[in-house]
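Asks: Chains W and D, in that order, are what the protein sequence lines are. Those letters in the first sequence? Residues 1190 to 1433, per the working numbering, in order. Those letters in the second sequence? Residues 1190 to 1433, per the working numbering, in order.
A pair counts as met if it fits within one copy or between any two copies, since identical chains are not told apart.
The calculated lysine-lysine pairs, modelled on DSSO-like cross-linking and capped at a C-alpha distance of 30 angstroms, are:
#, residue 1, residue 2
1, K1413, K1335
2, K1394, K1348
3, K1394, K1274
4, K1394, K1335
5, K1286, K1335
6, K1293, K1374
7, K1335, K1206
8, K1248, K1415
9, K1335, K1205
10, K1415, K1205
To be clear, the hints were calculated from the coordinates, so they are not data collected in a lab.
Number of protein chains: 2
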Amino acid sequence: MLSKTKVKYIQSLGQKKFRQSEMLFIAEGIKIVEELISEIPDLIVEVFAIQEWVEPQKKINAKIPITEITQQELERISQLTTPNKVLAIIKMLPEVKLSSIKNKVVLALDGIQDPGNMGTIIRIADWFGIEQIVCSTDSADPYNPKVVQATMGSIARVKIIHTDLKKWLEDMSDTQIFAAVLGGKDVSSINKISEGVIIIGNESKGISPELLKLSNIKIAIPAKGKAESLNAAVATGIILSHLI
Amino acid sequence: MLSKTKVKYIQSLGQKKFRQSEMLFIAEGIKIVEELISEIPDLIVEVFAIQEWVEPQKKINAKIPITEITQQELERISQLTTPNKVLAIIKMLPEVKLSSIKNKVVLALDGIQDPGNMGTIIRIADWFGIEQIVCSTDSADPYNPKVVQATMGSIARVKIIHTDLKKWLEDMSDTQIFAAVLGGKDVSSINKISEGVIIIGNESKGISPELLKLSNIKIAIPAKGKAESLNAAVATGIILSHLI
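Extracted from the complex, chain W is given alone in its bound form (with noise of 0.2 angstroms):
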């Protein structure tokens, strides 16, 4: 049985400022869940379960503090419509400090807004095996709840690191920078790299001018009908599978 106390505190971890001072975040459902406790199970602080997910799981992982709790405590503590079986607290990874991109391609996240677009660009980074993300200082914080569903375990692997992307950017003039812009060279022409910064750029307003003035290979994702845009994920995951 769940304490009033700890039911509140679990759902104040939704909450940005809650979470940064306890520096934890929550994760639910089966799948993501389960992805967590294998990934990082030394940063998992409590799993909260129905009976059904708790008796298989226990003999498994026997070091993970579980607590079983009913349907109804379920969806008192939890951030989703239709709860799933499962909530952990976690804490959050340590921000890094970025390494070097030797060799590396890097995110650069201009002012992603929507906790679903940044969960689902964690998530196609980790795809196509990108290890580091750089987010600007405004972009959606990544242990939001609809980030980390959105992430289905990804944001174990991916490090994110929040900076000032223009002040960053100044500094990697010598490597390749990829934009996306209208009128830019089809991507699909472009040579594959195994090197080099591809900025995204906010859902409406695109890449700020002051970041474009920093990239020196523009690109595009020619479009063949009426649309006007392509979702920021959607095209993140078109431009890395050309590149990559």
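Model the placement of chain D on the given structure of chain W, informed by the hints.
Replies: Coordinates of chain D only, in the frame set by chain W:
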């Protein structure tokens, strides 16, 4: 001032059964509503908007019935957490019979469930000039407000047909039918196509085995990292960017 009956009526269009009995749907937000007004003006039944949006529009679109409402009224009729100035009631596009797929690429959606994915896929199709999407009968309703939102207006240009996908694909056996599966041929190595069907599978179960059997070309997006899968809409975007 909106009557209670009117408010209830508009709210009811958030539910599929009312949308279907009325043959109407709602669209919200400046960008989408303005795009729909310009694309399908004859299907716009009524527009509700706050003063700021109404003033300039009344001159441009004299024929569209616009009702000015307050922000509070907008909040009551809106399906969004952050209503964006305008909401329109629109007649559903008549569900057409599938025209010949001669010289056309058609998407076949096998049980896409998430409204955001469905809407994003419609937007991607529009971007790549795909005019028709065939959906299994258990796919998300394209007139769900979240789908309409995610299409960013492309719902007005892409024809969506619901049908028994298995029967339909059986009739298509003399065309190329692509299916993305693990271990398929790298999509970037396949020649561009001007005709064919591309099957996109359900978010968690993938393409159902009975449909998979009907496909004659298995393709894949090679993974370089450790993520287990890609989001269905992102995969659609990547596949189309290589095949079209």
